[in-house]
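Fit chain U to the supplied structure of chain V, relying on the hints for placement.
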Amino acid sequence: MRSPLSLIAALALCLPLVAQAATSVNERHPLGAGGRVEISNIAGKVTVRGWDRNDVALTGSMADGLTLKQDRSSNRVRWEVEYPRGRSNGGATLELRVPRAVDVQLGTVSADIDVADIDVRRLQANSVSGSIIAAGRSGETTLNTVSGGIRSQVQTPRLDARTVSGQLLAGGGASGEVAAESVSGRVNVTAGRIQRLAVETVSGSLDVSATGMAPGGKVTMQTVSGSVALKLPVNVSAQLNVKTFSGGIQSDAGQVEKPRYGPGSSLDARLGSGDGDISINSHSGSVRVSLGR
Amino acid sequence: MSPHDSDDNALSARLRALPAERLPPARVWQGIAAQLPAQTPAPAPAAAVATLSTRRRRERWPLRIGLGLAAALALLMVVPTPVPHTPAPSLLQRQADAMAGEYQQAIAALPSDGVTEEWRPALHELDASAVSIRAAIAENPRSGYLLGQLQRTYALRLQLTQQAVFSAGLPT
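The listed protein sequences derive, respectively, from chains V and U.
Using my numbering, the letters of the first sequence correspond one by one to residues 1 to 293.
Using my numbering, the letters of the second sequence correspond one by one to residues 1001 to 1172.
One chain only, chain V, in its complex shape (with noise of 0.2 angstroms):
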């Protein structure tokens, strides 16, 4: 009797092996400069780092009952997990290693994303619950998320990022063109010389640092009930407008109003020469602007 429950046993400790059994992922595919790159992956991890070839290659596994799907051409590439109906066993561990130069799109659900070392053309990634986590040089960065954290430390002249109730963190060299928006995750923003940086919320809080603005930049800031904090340096040149509903208002900088009336705050203040424009907008959440170095 005692070799039937053996077997017994040893067949369920095996069970969990079987159900994970991993179906290995090695692909390759020639790709020049202003190529595209595009990965679909519904849970699991797409991690992305950058290489001095002329190819991409896709490694890593995946669960048992998943299928990688392809669509190839001279200048793209596109890699597919796809899915049975109904729940899956996992989800795909994937790693892509692009040249430097091309287009990448990342699509996940679930999956967290994780980019590094790269020096592409264009970065885009959306994930529905899984965080961002981004790194490297893009020459235009978009990256998207719904519930899941971003943190961007991209060199880009070009950032734009939004989330609904995940945290937003940028820094680490985004300039230019910068947008930030989260309906109620807090953003926070640490940017170099701006162009134009539009920045808002609905509940989320919002801090927001630049190094310089370039000659006629614009900054806006707008939200419902966040708080706002804008840190810009002491001889930035900018007309700046602050408005409040019901917030109250900090300014290194101008004198706040207030009607003889009725409810609002504002402030207008010409700092430096004037140059740029920064416009804040806050119904009920309060506002803080800061000159420093």
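Derived by calculation from the structure, the hints in this document are not laboratory data.
A hint or two may mislead.
Stated by the list, open to error - Partial list, derived from the structure: chain V residues whose beta carbon lies under 10 angstroms from chain U:
id: 1; residue: Val-128
id: 2; residue: Val-146
id: 3; residue: Ser-147
id: 4; residue: Val-164
id: 5; residue: Ser-165
id: 6; residue: Glu-181
id: 7; residue: Val-183
id: 8; residue: Thr-223
id: 9; residue: Ser-225
id: 10; residue: Ser-246
id: 11; residue: His-283
id: 12; residue: Ser-284
As the list claims (entries may be wrong) - Taking CB as the label site, the calculated pair distances span:
id: 13; chain 1: U; residue 1: Gly-1114; chain 2: V; residue 2: Tyr-261; range: 51 to 61 angstroms
id: 14; chain 1: U; residue 1: Gly-1114; chain 2: V; residue 2: Gly-292; range: 45 to 55 angstroms
id: 15; chain 1: V; residue 1: Gln-239; chain 2: U; residue 2: Ala-1098; range: 29 to 39 angstroms
id: 16; chain 1: V; residue 1: Ala-33; chain 2: U; residue 2: His-1124; range: 40 to 50 angstroms
id: 17; chain 1: U; residue 1: Phe-1166; chain 2: V; residue 2: Arg-260; range: 48 to 58 angstroms
id: 18; chain 1: U; residue 1: Glu-1118; chain 2: V; residue 2: Arg-76; range: 26 to 36 angstroms
To be verified - Facing chain V, from chain U, some residues (calculated, C-beta under 8 angstroms):
id: 19; residue: Glu-1118
id: 20; residue: Leu-1126
id: 21; residue: Ser-1129
id: 22; residue: Ala-1136
id: 23; residue: Leu-1146
id: 24; residue: Thr-1153
C-beta atoms are modelled at their ideal positions from N, C-alpha and C, and glycine is treated no differently.
Below, chain U without anything else, positioned relative to chain V:
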């Protein structure tokens, strides 16, 4: 003797001839008392006077209230009643209402049955945000940027609902 004197004498005589004042028989009082509703025992004379005056005063109150109501009614009929002051919705509010109606209609047209749980928090978040933006517009109906925020919130809500519906049925 003047003719008037003779008339007076005649009148006096006729007055005297009238029957003297008579008390009704005791049984008449008893009959009246029996027909009256039962009352509390009669108080002492001084208290009875006081009670009577209080009762009269109390009896006058309904009359006074009635007169007051009648006067108020007459005043209301004569003087035009001011309409409660509810400010008309501003252009911005009307735009917000119209926009909300359009987007809600579009969102309602999508099948929401298959939307999985992982999408619901974000959709609720967007709905709550739209409500708070509309409340802010109602408070500050001249704030144009809020309308832009409302539009973007509804657009995102529609977009995410479409994505959620599209992804319904995908593995979790």
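Status of the hints after comparison with the structure:
1. Evaluation of the Val-128/V hint against chain U yields a held restraint, the C-beta minimum of about 7 angstroms falling below 10 angstroms.
2. Restraint check, Val-146/V versus chain U: the minimum CB separation of about 5 angstroms is within 10 angstroms; hint holds.
3. Because the closest C-beta pair between Ser-147/V and chain U is about 6 angstroms apart, less than 10 angstroms, the hint holds.
4. At about 5 angstroms, the closest approach between the beta carbon of Val-164/V and any beta carbon in chain U falls short of 10 angstroms, and the interface hint on this residue holds.
5. Hint status for Ser-165/V relative to chain U: holds, with the closest Cβ pair at about 5 angstroms, below 10 angstroms.
6. Of the supplied interface hints, the one on Glu-181/V holds, with its beta-carbon coming within about 8 angstroms of a beta-carbon of chain U, less than 10 angstroms.
7. Restraint check, Val-183/V versus chain U: the minimum CB separation of about 5 angstroms is within 10 angstroms; hint holds.
8. About 9 angstroms separates the beta-carbon of Thr-223/V from the nearest beta-carbon of chain U, less than 10 angstroms, and the hint is met.
9. Of the supplied interface hints, the one on Ser-225/V holds, with its beta-carbon coming within about 7 angstroms of a beta-carbon of chain U, less than 10 angstroms.
10. Taking 10 angstroms as the C-beta cut-off, the interface hint given for Ser-246/V holds, the closest approach to chain U being about 8 angstroms.
11. The beta carbon of His-283/V comes within 4 angstroms of a beta carbon in chain U, closer than 10 angstroms, and the hint placing it at the interface holds.
12. The beta carbon of Ser-284/V comes within 7 angstroms of a beta carbon in chain U, closer than 10 angstroms, and the hint placing it at the interface holds.
13. Judged by the Cβ atoms, the range 51 to 61 angstroms given for Gly-1114/U and Tyr-261/V holds: they are separated by roughly 53 angstroms.
14. For the hinted restraint 45 to 55 angstroms between Gly-1114/U and Gly-292/V, the CB-CB distance of approximately 52 angstroms keeps it satisfied.
15. At roughly 34 angstroms, the beta-carbon separation of Gln-239/V and Ala-1098/U lies within the given 29 to 39 angstroms, and the hint holds.
16. Look at Ala-33/V against His-1124/U: about 44 angstroms separates their beta carbons, and that is inside 40 to 50 angstroms.
17. One distance hint, 48 to 58 angstroms for the beta-carbon pair Phe-1166/U and Arg-260/V, holds here, with the actual separation near 54 angstroms.
18. At about 31 angstroms, the beta-carbon gap between Glu-1118/U and Arg-76/V stays in the expected band of 26 to 36 angstroms.
19. Hint status for Glu-1118/U relative to chain V: holds, with the closest Cβ pair at about 6 angstroms, below 8 angstroms.
20. A cut of 8 angstroms between beta carbons decides the hint on Leu-1126/U: the least distance to chain V is about 6 angstroms, and the hint holds.
21. Proximity of Ser-1129/U to chain V holds as hinted, the smallest CB-CB distance being about 4 angstroms (cut-off 8 angstroms).
22. A distance limit of 8 angstroms between C-beta atoms decides the matter here; for Ala-1136/U the minimum to chain V is near 4 angstroms, and the interface restraint holds.
23. At a threshold of 8 angstroms, the smallest CB-CB gap from Leu-1146/U to chain V is about 7 angstroms, leaving the interface hint in force.
24. Below 8 angstroms, beta-carbon pairs count as interface contacts, and Thr-1153/U has one with chain V at about 7 angstroms; its hint therefore holds.
Checked against the numbered hints given earlier, this structure breaks none of them.
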